[in-house]
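Visitor: Residue strings, one per chain:
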Amino acid sequence: AQSVAQPEDQVNVAEGNPLTVKCTYSVSGNPYLFWYVQYPNRGLQFLLKYITGDNLVKGSYGFEAEFNKSQTSFHLKKPSALVSDSALYFCAVRPSSTSGTYKYIFGTGTRLKVLA
Amino acid sequence: DSGVTQTPKHLITATGQRVTLRCSPRSGDLSVYWYQQSLDQGLQFLIQYYNGEERAKGNILERFSAQQFPDLHSELNLSSLELGDSALYFCASSEGTTPYEQYFGPGTRLTVT
Chain R
173 AQSVAQPEDQ VNVAEGNPLT VKCTYSVSGN PYLFWYVQYP NRGLQFLLKY
223 ITGDNLVKGS YGFEAEFNKS QTSFHLKKPS ALVSDSALYF CAVRPSSTSG
273 TYKYIFGTGT RLKVLA
Chain H
400 DSGVTQTPKH LITATGQRVT LRCSPRSGDL SVYWYQQSLD QGLQFLIQYY
450 NGEERAKGNI LERFSAQQFP DLHSELNLSS LELGDSALYF CASSEGTTPY
500 EQYFGPGTRL TVT
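From first to last, the protein sequence lines stand for chains R and H. Residues 173 to 288 (this note's numbering) make up the first sequence, in order. Residues 400 to 512 (this note's numbering) make up the second sequence, in order.
Because the hints were derived from the structure by calculation, they are not lab data. Hints should not be assumed to be uniformly reliable.
[Unchecked claim] Keeping only pairs whose Cα atoms sit at most 30 Å apart, straight-line, the calculated DSS-like set for lysine-lysine is: (1) Lys230/R - Lys241/R; (2) Lys408/H - Lys241/R; (3) Lys194/R - Lys230/R; (4) Lys408/H - Lys456/H; (5) Lys221/R - Lys275/R; (6) Lys249/R - Lys275/R; (7) Lys275/R - Lys241/R; (8) Lys285/R - Lys456/H; (9) Lys194/R - Lys221/R; (10) Lys194/R - Lys275/R; (11) Lys194/R - Lys241/R; (12) Lys194/R - Lys285/R; (13) Lys221/R - Lys456/H; (14) Lys275/R - Lys456/H; (15) Lys408/H - Lys275/R; (16) Lys221/R - Lys285/R; (17) Lys408/H - Lys285/R; (18) Lys408/H - Lys221/R; (19) Lys230/R - Lys285/R; (20) Lys285/R - Lys241/R; (21) Lys221/R - Lys249/R.
[Said to hold, decoys possible] Residues from chain H that keep clear of chain R, each with C-beta distances beyond 12 Å, as calculated: (22) Lys408; (23) Thr419; (24) Gln443; (25) Gly451; (26) Lys456; (27) Phe468; (28) Glu474; (29) Glu500.
Cβ coordinates follow ideal geometry from the N, Cα and C atoms, glycine included.
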């Protein structure tokens, strides 16, 4: 079965320290990978995506993610965390499809808490 | 502001009732997706429409149905409501069927009492 795993329910990091939010996936073929952020009482906001090409993808608000095909991972990173980065982060995958169906699979979310 | 609008913002109804949630996609977006977010199950994909046609189906119950109209707005109909249907329902839109990012609306919070 195709799936996305975010192994940590919560990540705590001190402000100014680097942060990593982990994501691994299990899909057939070449996946398209996404990260979204959700602030309280808001919809999800797109951060970045990997389609093809350079394994290091840069996105909004200083976030980046590294695609690792051999480890089937797409971890979200930021060199220096801000308190305002505290939110719920979702990894999502869209398996490549030739059938015309475009189903997105979301992870269960990781709550990031940046401590001042 | 993502450009995706959803109405109503909040909905409180009783078990057994039927409700309709409405979504207007971003201007120019042809794909609409519906998701259910509950505390214990995370974000669950329900269904996707592209230019009026159903394109993908996820964990959508038979009591739920959706459609996308010629003006591209979409409605999600939930019937015979149960307490467990209480959740946040999000609509998202994207340009097309290639792997574009999705833009999410603010959600409709449904409470079934």
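Visitor: For every hint, state whether the structure bears it out.
Guide: For each hint, the structure was consulted:
Our distance criterion of 30 Å between C-alpha atoms is met by Lys230/R and Lys241/R, whose separation comes to about 17 Å. A hinted pair counts as satisfied when its Cα atoms are at most 30 Å apart, and Lys408/H with Lys241/R does not qualify at roughly 40 Å. Distance hint between Lys194/R and Lys230/R is fulfilled; the C-alpha atoms sit about 16 Å from each other, no more than 30 Å. Proximity of Lys408/H to Lys456/H is assessed by CA-CA distance (about 24 Å); at most 30 Å being required, the pair is judged to hold.
At roughly 16 Å between alpha-carbon atoms, Lys221/R and Lys275/R fall within 30 Å of each other, so this suggested pair holds. Between Lys249/R and Lys275/R, the direct Cα distance comes to roughly 25 Å. Compliance with the 30 Å bound is thereby established for this hinted pair. Distance restraint check for Lys275/R and Lys241/R: the Cα-Cα separation of roughly 20 Å lies within the 30 Å cut-off, and the hinted pair is therefore satisfied. Straight-line distance between C-alpha atoms of Lys285/R and Lys456/H comes to about 34 Å, which puts the hinted pair past the 30 Å bound.
The straight-line distance between the Cα atoms of Lys194/R and Lys221/R is roughly 15 Å, inside the 30 Å bound, and the hint therefore holds. Distance hint between Lys194/R and Lys275/R is fulfilled; the C-alpha atoms sit about 22 Å from each other, no more than 30 Å. Simply put, Lys194/R and Lys241/R have alpha-carbon atoms about 14 Å apart, close enough for the 30 Å limit, and the pair holds. Restraint check for Lys194/R and Lys285/R: satisfied, since their Cα atoms lie roughly 14 Å apart, inside the 30 Å limit.
The straight-line distance between the Cα atoms of Lys221/R and Lys456/H is roughly 23 Å, inside the 30 Å bound, and the hint therefore holds. In summary, the hint linking Lys275/R to Lys456/H is supported, as the alpha carbons are separated by about 7 Å, within the 30 Å threshold. The hinted pair formed by Lys408/H and Lys275/R meets the criterion: a straight-line CA distance of about 26 Å does not exceed 30 Å. Straight-line distance between C-alpha atoms of Lys221/R and Lys285/R comes to about 23 Å, which keeps the hinted pair within the 30 Å bound.
Under the criterion of a C-alpha separation no larger than 30 Å, the hint pairing Lys408/H with Lys285/R is consistent with the structure, at around 27 Å. Proposed proximity of Lys408/H and Lys221/R is supported: the alpha carbons are some 29 Å apart, at most 30 Å. For the given pair, Lys230/R sits about 21 Å from Lys285/R by alpha-carbon distance, which is consistent with the 30 Å threshold. Annotation: proposed proximity of Lys285/R to Lys241/R holds, straight-line Cα distance about 28 Å (limit 30 Å).
Pair hint Lys221/R plus Lys249/R holds up; C-alpha atoms about 13 Å apart against a cutoff of 30 Å. With a cut of 12 Å on Cβ distances, Lys408/H falls inside the contact zone with chain R, its closest approach being about 10 Å. Look at Thr419/H: its CB is around 19 Å from the nearest CB on chain R, clear of 12 Å, so calling it non-interface holds up. Chain R draws Gln443/H into its interface by the beta-carbon criterion, the shortest separation being 8 Å against a cut-off of 12 Å.
Every Cβ of chain R is farther than 12 Å from the Cβ of Gly451/H; the closest lies at roughly 14 Å, confirming the non-interface assignment. Here Lys456/H does not stay apart from chain R, with its beta-carbon only about 8 Å from theirs, under the 12 Å limit. For Phe468/H, the condition that its CB be more than 12 Å from all CB atoms of chain R holds, with the nearest at approximately 20 Å. Listed as a non-interface residue, Glu474/H keeps its Cβ farther than 12 Å from every Cβ of chain R; the least gap is roughly 18 Å.
Look at Glu500/H: its CB is around 4 Å from the nearest CB on chain R, not clear of 12 Å, so calling it non-interface is violated.
In this structure, the earlier hints numbered 2, 8, 22, 24, 26, 29 are contradicted, and the remaining ones agree with it.
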